[in-house]
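Protein chains: 2
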Amino acid sequence: MRTEIATLGEFGLIRHLTEGLENRQPSTRYGVGDDAAVIACSEGKQTLITTDLLLEGVHFDLTYVPLKHLGYKSAVVNFSDIYAMNGTPTQITVSLGVSKRFSVEEMEALYAGIRLACEEYGVDIVGGDTTSSMTGLTISITCLGEAAPEQIVYRNGAHDTDLLCVSGDLGAAYMGLQLLEREKLVLKGGDQTIQPDFTGREYLLERQLKPEARRDIIRQLAEEQVKPTAMMDISDGLSSEVLHICTQSKVGCRLYEEHLPIDYQTAAMAEELNMNVTTCALNGGEDYELLFTVPLSAYDKVSQMDGIRVIGHITKPELGCALVTRDGQEFELKAQGWNPL
Amino acid sequence: MRTEIATLGEFGLIRHLTEGLENRQPSTRYGVGDDAAVIACSEGKQTLITTDLLLEGVHFDLTYVPLKHLGYKSAVVNFSDIYAMNGTPTQITVSLGVSKRFSVEEMEALYAGIRLACEEYGVDIVGGDTTSSMTGLTISITCLGEAAPEQIVYRNGAHDTDLLCVSGDLGAAYMGLQLLEREKLVLKGGDQTIQPDFTGREYLLERQLKPEARRDIIRQLAEEQVKPTAMMDISDGLSSEVLHICTQSKVGCRLYEEHLPIDYQTAAMAEELNMNVTTCALNGGEDYELLFTVPLSAYDKVSQMDGIRVIGHITKPELGCALVTRDGQEFELKAQGWNPL
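One line per chain: the protein sequences are A and B, in this order. In terms of the working numbering, the first sequence opens at residue 1168 and continues consecutively. In terms of the working numbering, the second sequence opens at residue 1168 and continues consecutively.
These are computed hints drawn from the structure, not numbers from a lab. It cannot be assumed that every hint is accurate.
Any copy will do: because identical chains look the same in the list, a pair fits if it lies in one copy or spans two.
Claimed, not checked - Below, a list of computed lysine-lysine pairs in the DSSO-like style, where the Cα atoms sit at most 27 Å apart:
(1) K1351 - K1377
(2) K1417 - K1377
(3) K1417 - K1235
(4) K1468 - K1235
(5) K1267 - K1501
(6) K1483 - K1351
(7) K1394 - K1351
(8) K1267 - K1351
(9) K1483 - K1501
(10) K1417 - K1351
(11) K1394 - K1212
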């Protein structure tokens, strides 16, 4: 079934999508429906704010990304930024640019994914903007969070001898993307009735299509009373993020190739595609894992925590930032960014 | 001079654009440069949040909108939403989607406009996202503001017998748009060396290209200790906004055609284009004036304030929402929204 957005109109679509929204956060005093939402300040907390802009054809390809997954991921990547400050996400605003190509049902699917993510993470949708677009789908989400000032962790607090730690494993989301891109090419070229077989690669797809933010790691660290000295989430790739922490903290680092956490499916896929798995782990991006530093004294605690791996250590700035390979060679870390298309 | 964005790269561009940003708001504890910005809560205040998504080809046409003006307007329309809650804008985040068509110099011009607006209104730029785009320019701005809870004005507080008031004048921004669109058509068709003559229409262009948010009205109301019972800003057109207030407040209203504030240039342009000037004032949009209701007892105060006009009054809901024309006829108010392109 396909209902044209024109049958609802702008205000009808907004009302329809935001129908039955319930606020869970005590700080949400007024949500959707006025010129601005109203948020109370929690006693002793500060407000965190982060934002992400996702554009069709750049950040997602609707030929293989289901809209509900896209909605989920769009919200979760923002939560990840708030956790990376050692905070708790509390509210989001959702702005959508929608072209005529999309139906009401498709927008429902997208919004259902956003709402599901918000339910799972206890976040309220408090506002947004919905507008027509000439060119496909645009998603802009801004997330508010809160944290006690003394709990906030910045990127600039890493010190010489601190341990460099990472949660989960790296490179899987990137391998998932390669897999989806390959199947897209296959389907384009040939028999479109063949369903791609993703058996044994479910983890890669899940990491690409439905990432989670590491709330569990933030909670574990709090329970063990380990406060990182610096932290950020890995969205552009480990190398790029390590360099951000080192630049902002004015330190150097050594990362050990042998300690990089890599899932079996990631390694198998990299081999199949004839790619270097270490490069994938360093530059793949979209892992949404946490990268953080802790004082050397926290070694016993972090090395026993589930899902955390010590991958290196911080050095004096003059030593630079380098990867130490399995055979003991050192390579300078380099960042990758985007360039306009 | 044209510098390709590729020569700076993603992080270089962000650094370049946000260079030398100074925070003026005492509540800004950490701005651009980490996973999220950190905002302190001002004593006794609540946080307001609003967001706007602007897409090339839908909300602006770069063939006649200078980028610096576009930046200025993009910020100001968000401030307007915060004033419409009777609050003060304090911080914004700025997300930009930029295609290869744009140069570093063009992004500088856009950002210069945003920065200028922030300086004039005392607002800090605390974060954002900059990404490549396949399809022109995307601007997503989210604005935070603050207000004491007892000062916040919603859309739902209008009561029977309240006066309906509007600031400034209406329809001029829409006439400015018509003027620019007409000149674009003329230039497209013919001699591109002729400079369009906008003499005597400067006000229309200014209203379209460089609107201001009515901070002055908010201050005047505060000084005179008049707290509106309902308020919103006029972005989609007077009719649409009056209906929002009446629907949310569960009331009706009467608007008087003869009291609608219309500038001489607006009237002259409407006549030249053979358009009904009342229709332009009712449905034009982009006025960014404030629409509000006050108790009847505030009549003496508001009728003496600069730049405020009483245009009608609130009624019981069963009377509906209507415009009373100069000859005493009543017409039901209708809203306009957008439909996907």
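Exercise for review: Up to 27 Å between alpha-carbons, please classify K1267 paired with K1501: within, between, both or neither.
Suggested key: between (42 Å within a copy, 24 Å between copies)
Point to revise | Homo-oligomer pair classification [K1351, K1394; C-alpha up to 27 Å] | key: Neither: 44 Å inside a copy, 59 Å across copies.
Point to revise | K1267 and K1351: within-copy, between-copy, both or neither at 27 Å Cα | key: Answer is both: 24 Å inside a copy and 26 Å across each meet the 27 Å cutoff.
Practice item. Tell me, please, which holds for K1468 and K1235 at an alpha-carbon limit of 27 Å: within, between, both or neither? Key: Neither: 38 Å inside a copy, 53 Å across copies.
Review point. With identical chains treated as interchangeable, where does the CA-CA distance between K1417 and K1235 reach 27 Å or less: within a copy, between copies, both, or neither?
Key: Cα proximity of K1417 and K1235: none, with 41 Å in one copy and 35 Å across.
Exercise for review: Measure nothing new, just compare the shortest in-copy and cross-copy C-alpha distances for K1394 and K1212 to 27 Å and report within, between, both or neither.
Suggested key: within (17 Å within a copy, 30 Å between copies)
Check your understanding: From the Cα coordinates, with 27 Å as the cut-off, is the pair K1351 and K1377 best called within, between, both, or neither?
Key -> This pair counts as within: shortest intra-copy Cα distance 19 Å, inter-copy 46 Å.
Check your understanding: How would you label the pair K1417, K1377 (within, between, both, or neither) given a Cα cut-off of 27 Å?
Key -> neither (35 Å within a copy, 42 Å between copies)
Point to revise | Homomeric proximity label, K1483 with K1501: Cα distance no greater than 27 Å | key: within (18 Å within a copy, 68 Å between copies)
Check your understanding: For K1483 vs K1351, is the C-alpha pair at or below 27 Å within one copy, between two copies, both, or neither?
Key -> neither (46 Å within a copy, 60 Å between copies)
Check your understanding: Within a copy, between copies, both or neither: where do K1417 and K1351 come within 27 Å Cα-Cα?
Key -> Classified as neither: same-chain Cα gap 43 Å, cross-chain 52 Å, threshold 27 Å.
This entry does not satisfy hints 2, 3, 4, 6, 7, 10, going by the numbered hints stated previously.
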